[in-house]
Amino acid sequence: MVRKEINQLLAILEVELKNILRERGTVGFSIFFPILISLSTYSVGTGILGKPPSLELWFYQLIGFTILMITIVMSASSAWYIRQGLLSRRLEYIFSAPVNPIIIIASISLTSGILGFGIFLTVGLIGVIVTYGLSNLSNFFISLLILIIALIPILGINLIIAAATIIGKEPEAISQPVSAIVSTTSGLAYPITILPFILKIIGESMPYYYAAYYVRSIIEGYFNILSLGNLPFLFLYLIFGFVIYRYFENNYIRKEGAYGI
Amino acid sequence: MKEIIAKNLTKKFKKKVRKGIFNTEERVIHAVKGVSFEVNHGEIFGLLGPNGAGKTTTIKILCTLLIPDSGEAYIHGYNVIKEPNKVREIIGVVLAPDKGFYERLTGIENLVYYGRLYGMNKKDAYKRAEELVNLVDLGKDAYRFVEEYSLGMKAKLSIAKSLIHDPSIIILDEPTVGLDPISSRKIRALIHDLANSGKTILITSHNMWEVENLCNRVIMINKGEIVSQGTPKELKEKLNLSYFIEIEVLNADKISDYETSINEKGNLVVKIETQKPNESLIKVLDKLREKNYIIGSIKVIEPTLEEVFARVIGGEKGN
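So the protein sequences, as listed, match chains Z and X.
If you read the first sequence in the numbering used here, its first letter stands for residue 6, the second for the next number, and so on.
If you read the second sequence in the numbering used here, its first letter stands for residue 1352, the second for the next number, and so on.
Looking at chain Z on its own, in the form it has when it is part of the complex (with noise of 0.2 Å):
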């Protein structure tokens, strides 16, 4: 039974892998999108002070940027799966073929991660050498790992927001404001302790914040088992997603022959 499945999900990632790398521009961009904007507040900080900051600043922007390209790049991905799905009408072939939903995502929202992972250690291993020097790169490959723990949970907001797309058709009216909750709340680019209470009570309730938290605190060295504890309560997310996007399927998808257009 978990053979098939996994199956499943490899021959979903294999194909759409196949169809991310046929356009190899959007993978360029994605590793220089980092680097270039990172690079930009380093140089609008050095105007500023009138010498350059610390490094360090600079690698805090870095990660920042990488983990929310990877977020957004995850949240917008299961959107966008599933508009073209409606568009080409493959969604109601995959969904007339016995394929659990969640393993549509997991591999939509698996194959936008790998593409993710790729671009975070290209970045990530040019940022921690540019920084520390080659003494940090042992904590750089442990935070990698971490990094694929935490963006787990991102599964369940993505399978919100497939739901969300086959009932609004929209793209980019679901994954727009996700993304943009994700950029002011989660703390990627800036330190979440300068936001207003609220918008830091939604960042750190929300899984993007400490995918970006542990990262960081592993390659910086301040990284304290303890926090480890928020990932099971960010697992919730997933369940959440799961039993969310079982309602819509079943009381409104289905019911109103939403998988086509």
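Simulated from the structure, these hints should not be mistaken for laboratory data.
Glycine included, every Cβ here is placed at the ideal spot set by N, Cα and C.
Some hints could be false.
What the hints assert, rightly or not - Have a look at the derived ranges for each label pair, beta carbon to beta carbon: (1) X:LYS1450 to Z:LEU236: 38 to 44 Å; (2) X:ASN1485 to Z:GLN89: 29 to 35 Å; (3) Z:ILE134 to X:GLY1529: 55 to 61 Å; (4) X:VAL1379 to Z:GLN89: 29 to 35 Å; (5) X:ASN1359 to Z:ASN255: 19 to 25 Å; (6) X:GLY1529 to Z:LEU241: 47 to 53 Å.
For chain Z, the structure is supplied; the task is to place chain X on it using the hints.
Chain X only, in chain Z's frame:
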């Protein structure tokens, strides 16, 4: 065994129609109203009806993509609402013959992908995909990107896709729509072969000739309701439609007892409209022989399902 059972299926959709800038009006569309039918093992069963009749809604309920408002449906004994995954494992579907593919993958890559979604491992899915591309006559085109395919090639690939997991029941929603006559003929031959190999097939089509030639039994749906059902022959008999007999006479210029015309060879053709073709033919031939006319050829033209459809649906529309 009854492979497909639909019992009193109903489905309505609510649609908001804009009235002015701020107001909307909710319209209820009754897509399916109490549709019931049964399909036997190894049968080709046709679902006929004009656009918006409720054919696709019925098909989507059977494919587990839609939940009916009321009624029940079973595929191979499995309830489509309560046991969707069991149903999905044993059906193959063609919902839009030119859609549902990854355009930037090859035909064979698409087939392997769908095979794996049905739980096959990659090796088996590839082997099966290779068999199917030969079965549907795609040949080397299967190794080209789908974005380069013609409509006919996509239709073939779509049928191959529906067969990838070797389902016992195949549901085809207008599989030949938009195809040229040669591609349509190939698809029809394939459907025929599938039925001969023991598959149960449910097909919807606008092409009456196609349905008449393919289907063992047919139901006609209009405005969500079944308006007629039976074998194509039974449907014709129910409506007492006329047969036309054309007898070519080689040695006459005019016969006053019957309606006549001249054919392309320049011979006289006697035309008779009748509801009892056997009796009428014997009677006319006897009369013609009595007068020593030489018969060149005899043609009996049966009423078509298209006439049945026009009569039944036209009648429903009040035409």
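Results of checking the hints against the structure:
1. X:LYS1450 to Z:LEU236: 38 to 44 Å: The hinted range 38 to 44 Å holds for X:LYS1450 and Z:LEU236, with Cβ atoms some 41 Å apart.
2. X:ASN1485 to Z:GLN89: 29 to 35 Å: Once the Cβ atoms are compared, 30 Å apart, the range 29 to 35 Å for Z:GLN89 and X:ASN1485 holds.
3. Z:ILE134 to X:GLY1529: 55 to 61 Å: At roughly 58 Å between Cβ atoms, X:GLY1529 and Z:ILE134 fall inside 55 to 61 Å, so the hint holds.
4. X:VAL1379 to Z:GLN89: 29 to 35 Å: 31 Å, holds
5. X:ASN1359 to Z:ASN255: 19 to 25 Å: Holds, at about 21 Å.
6. X:GLY1529 to Z:LEU241: 47 to 53 Å: 49 Å, holds
When each numbered hint is compared with the structure, no violation occurs for any of them.
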